[in-house]
Amino acid sequence: MGCVESMNYEIVLRDATFKESRDYIKATFKDFIDVQPGFKVFDVHVIGLPPIAIGLDGDFVIFPYTKPCHGTFLLRVEDPEEAARLRALKK
Amino acid sequence: MAEEPTTRPETALLVLGCPQVPVQTSIALYLINRLKKAGITPVVAGNKAANTLLVVADQDRHYLGEVIDLDRAVGLITDKKRDFDRCFVFIHNDAGVSYAATMGAISGAKLYTLVYGEHYEEQVKKIDFPCTVIAAKAVHNPLPLKKAIDEVKPWAA
Numbered sequence: 000m001g002c003v004e005s006m007n008y009e010i011v012l013r014d015a016t017f018k019e020s021r022d023y024i025k026a027t028f029k030d031f032i033d034v035q036p037g038f039k040v041f042d043v044h045v046i047g048l049p050p051i052a053i054g055l056d057g058d059f060v061i062f063p064y065t066k067p068c069h070g071t072f073l074l075r076v077e078d079p080e081e082a083a084r085l086r087a088l089k090k
Numbered sequence: 000m001a002e003e004p005t006t007r008p009e010t011a012l013l014v015l016g017c018p019q020v021p022v023q024t025s026i027a028l029y030l031i032n033r034l035k036k037a038g039i040t041p042v043v044a045g046n047k048a049a050n051t052l053l054v055v056a057d058q059d060r061h062y063l064g065e066v067i068d069l070d071r072a073v074g075l076i077t078d079k080k081r082d083f084d085r086c087f088v089f090i091h092n093d094a095g096v097s098y099a100a101t102m103g104a105i106s107g108a109k110l111y112t113l114v115y116g117e118h119y120e121e122q123v124k125k126i127d128f129p130c131t132v133i134a135a136k137a138v139h140n141p142l143p144l145k146k147a148i149d150e151v152k153p154w155a156a
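Protein chains in written order, with numbering that gives the first Met the number 0: chain A, 0 to 90; chain B, 0 to 156.
No wet-lab data here; the hints were simulated from the structure.
There may be inaccurate statements among the hints.
What the hints assert, rightly or not - Here chain A is said to cover these stretches of chain B; the calculated rule only asks that three of the stretch's residues, wherever they fall, bring their Cβ under 8 Å from a Cβ of chain A:
| # | region |
| --- | --- |
| 1 | 20-34 |
| 2 | 42-52 |
| 3 | 96-102 |
Every residue, glycine too, gets a C-beta built ideally from N, C-alpha and C.
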């Protein structure tokens, strides 16, 4: 997973479709932002059909990570700075 | 003396999907050859397995030119460091549709989606962004997809 491998992440969904990932974020997290494909979360360019939902839960960021052979993973990573940066984009 | 205007050769990016469906490697080599014959420089972007299948099959690079990692290609295009005139995205699963939508959003290239596999119609239904869809039920035999590509002639459009 490249730089994702070095993160302390939790897999929320695995081998999901892009739509399942987006629906899960919107149904589960009151706090989320919509971004365009290619938007950088941590060092990852997110892949998907726009808009791409990224969940925010306290200091946790929940974002889709797509691999050609394994579909979309929804990853949960604790990072107060990144969560604050993303929240600031909503304003 | 006025300098003659230089024309940059046209370029095409081939975005490979997971290589688990056999026709991908065959069709990629076919398309690369057709593009090159039309004067278009093809660049391949895929994951390690998809790229390696091509590199090993074409060790002397009779067909292949530049081959780059898929994530790197997405980064280069997003960061506006690189772009292409045409982009072909190979699709046989949901991830393929996601990559195609991404290319449509980040790149200025004319977008073609090559949809194949046992359940290709399911993937075609998910494509709701501007692109030319080239689709056929092709898993082991590349000829149905080759025929669909030949009808569109994306190297000539």
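The hints, checked one at a time:
no., hint, result
1, 20-34, "violated (count 0)"
2, 42-52, "holds (count 4)"
3, 96-102, "holds (count 5)"
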